[in-house]
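Student: Between the sequences and the hints, there should be enough to build the whole structure, so can you do that?
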Amino acid sequence: MAGQPIFIMAQGSQRTRGRDAQSNNILAAKAVASAVRTTLGPKGMDKMLVDSMGDVVITNDGATILKEMDIEHPAAKMIVEVSKTQDDEVGDGTTTAAVLAGELLTKAEELIEKNVHPTVISTGYRHAADKCAEILESITIEVDVEDTKTLRKIAATAITGKGVESYKEKLSELAVNAVKNIAKETDSGITVDVDDVTIEKRAGGSILDSEFINGIVIDKERVHPNMPERVKNAKILLLSAPIELKKTEVNAEIKITSPDQMNMFLDQEEKMLKEITNKAINSGANVIFCQKGIDDMAQYYLAKAGIFAIRRVKKSDLEKLTKATGAKIIQNLDEIAESDLGSAGLVEEKDISGSSMTFITECATQQSISIILHGGTEHVVDGLQRALHDALRVVGVALEDKKIVAGGGSPEIELSLRLKEYAATLKGREQLAVTKFAEALEIIPQTLAENAGLDPIDMLVELRSQHEKGNKNFGLNVYTGKVIDMWENDVVEPLRTKTQAINAATEASIMILRIDDVIASNSMKSGGAPGMPPEDMEL
1 MAGQPIFIMA QGSQRTRGRD AQSNNILAAK AVASAVRTTL GPKGMDKMLV DSMGDVVITN
61 DGATILKEMD IEHPAAKMIV EVSKTQDDEV GDGTTTAAVL AGELLTKAEE LIEKNVHPTV
121 ISTGYRHAAD KCAEILESIT IEVDVEDTKT LRKIAATAIT GKGVESYKEK LSELAVNAVK
181 NIAKETDSGI TVDVDDVTIE KRAGGSILDS EFINGIVIDK ERVHPNMPER VKNAKILLLS
241 APIELKKTEV NAEIKITSPD QMNMFLDQEE KMLKEITNKA INSGANVIFC QKGIDDMAQY
301 YLAKAGIFAI RRVKKSDLEK LTKATGAKII QNLDEIAESD LGSAGLVEEK DISGSSMTFI
361 TECATQQSIS IILHGGTEHV VDGLQRALHD ALRVVGVALE DKKIVAGGGS PEIELSLRLK
421 EYAATLKGRE QLAVTKFAEA LEIIPQTLAE NAGLDPIDML VELRSQHEKG NKNFGLNVYT
481 GKVIDMWEND VVEPLRTKTQ AINAATEASI MILRIDDVIA SNSMKSGGAP GMPPEDMEL
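Under the working numbering, think of the first position of the sequence shown as 1, with each following residue one higher.
In short, the hints are calculated from the structure, not lab data.
Just so you know, even glycine gets a beta-carbon here, dropped at the ideal spot from N, CA and C.
Any given hint might turn out to be false.
Derived Cβ-Cβ restraints for the label pairs, each shown as a range [what the hints assert, rightly or not]:
# : residue 1 : residue 2 : range
1 : K315      : A133      : 34 to 44 Å
2 : N251      : G376      : 43 to 53 Å
3 : E146      : S188      : 36 to 46 Å
4 : S23       : T480      : 52 to 62 Å
Tutor: Next up, the structure:
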């Protein structure tokens, strides 16, 4: 037995240990970060993503790029998660979070090569992240809920760089109007749920034709041409049950031997369908939104009764209608009560860019609003939607927190300088980790400069110089190549954009640093005996 290896894992499993495992993980994470790095800032470039079906997405939104990329490496997936979390929490700053995570790992690798233990680096990074939160609080600017001008600046900053800068005033106005309409006052403060905003896209027309609707827009038309196009003082019934005959649960056959039997069968079917339809008609509703199907004959009866009906409505749209009209979603036609109906001042069908849409306005409760986006092509409208979503989220976050910071790389430079001062007060090797963290933060202004075709070293030197003089809000104007006051030049972001990006990037980099052993099992084909290699495995 002497010298004979002992196998404890299934044949085909791979194991990477120690420095190799750390290097591989860091390399994979850095590759993901570098893939989105060129998209950062107003002068960032776009990426064209083509999926297996040939569908094309053109964007510079970090979260969208990483979501569409087919990433396999487990460490690289952690960077994708950083970007996804940033998008869920704030909506903007997704590229910043991914780039920062990659740079933190790059700096950590330099320390590992100098034999600084990953645990020491992790501890230093945590101290640095905590200190960053403390420093950021000292450079924040308070924003008032009624300060529409500042809120529009926040929205415009999020939209800048998404390829629609010339229309950012229009989009900012739409975003601020929408968020102020759906913002709710609670005991803990203001809450904003952007899911209450319905965004409908229409290729055709100008971006300036985009409009704000104080109500809900559904991308459906009435099911029968004889139904009214416009219903005032609508009594709305929401159905998740179909208005059609139920199919039998078992396979059944009906043998018909004469024309009379055929007529009797059809008459009975029509009678049953009429009874089902009458339940909806007798409810007192004059507008019906149905999640399932509506039979052709039922459509005729509903049209005859002067009822406006739509079928195949998405469940999410039904839920928005519940909030807006006060109606309850009915699952059984036998259980309709008058109190289950909702109300709206007007329900009408309109032609928008060659296709019909239904507008529900003057709702009982103004908790849901809609925005119709127009653009030259499908790709333009898709990009508009992503830009508007980011703007809605950042304005919502700013209203919730009431705290903002200047943009243009100014917070990162301020944090870098203050962290270096903080590192000098620490003892031991953690000081090295905090210093590297401070250096990593400079990747944001550096990348902004590189993407704008400017000299990153000159820009960093100038930024440091201004911040050392006490100009905390000075950042990089990528259009002029000058270091100026970002607050005075309307470049502002919510505080949470920075805190979330730093925290998420720090946690992800620490998690990757602490891994020193990667064990990857080789998945077997189904049907193979346990412990046996697949048939096509090379031995």
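Student: Please write out, lowest number first, the hints stated earlier that are contradicted by the structure.
Tutor: The structure conflicts with hints 3 and 4, although it agrees with all the remaining ones.
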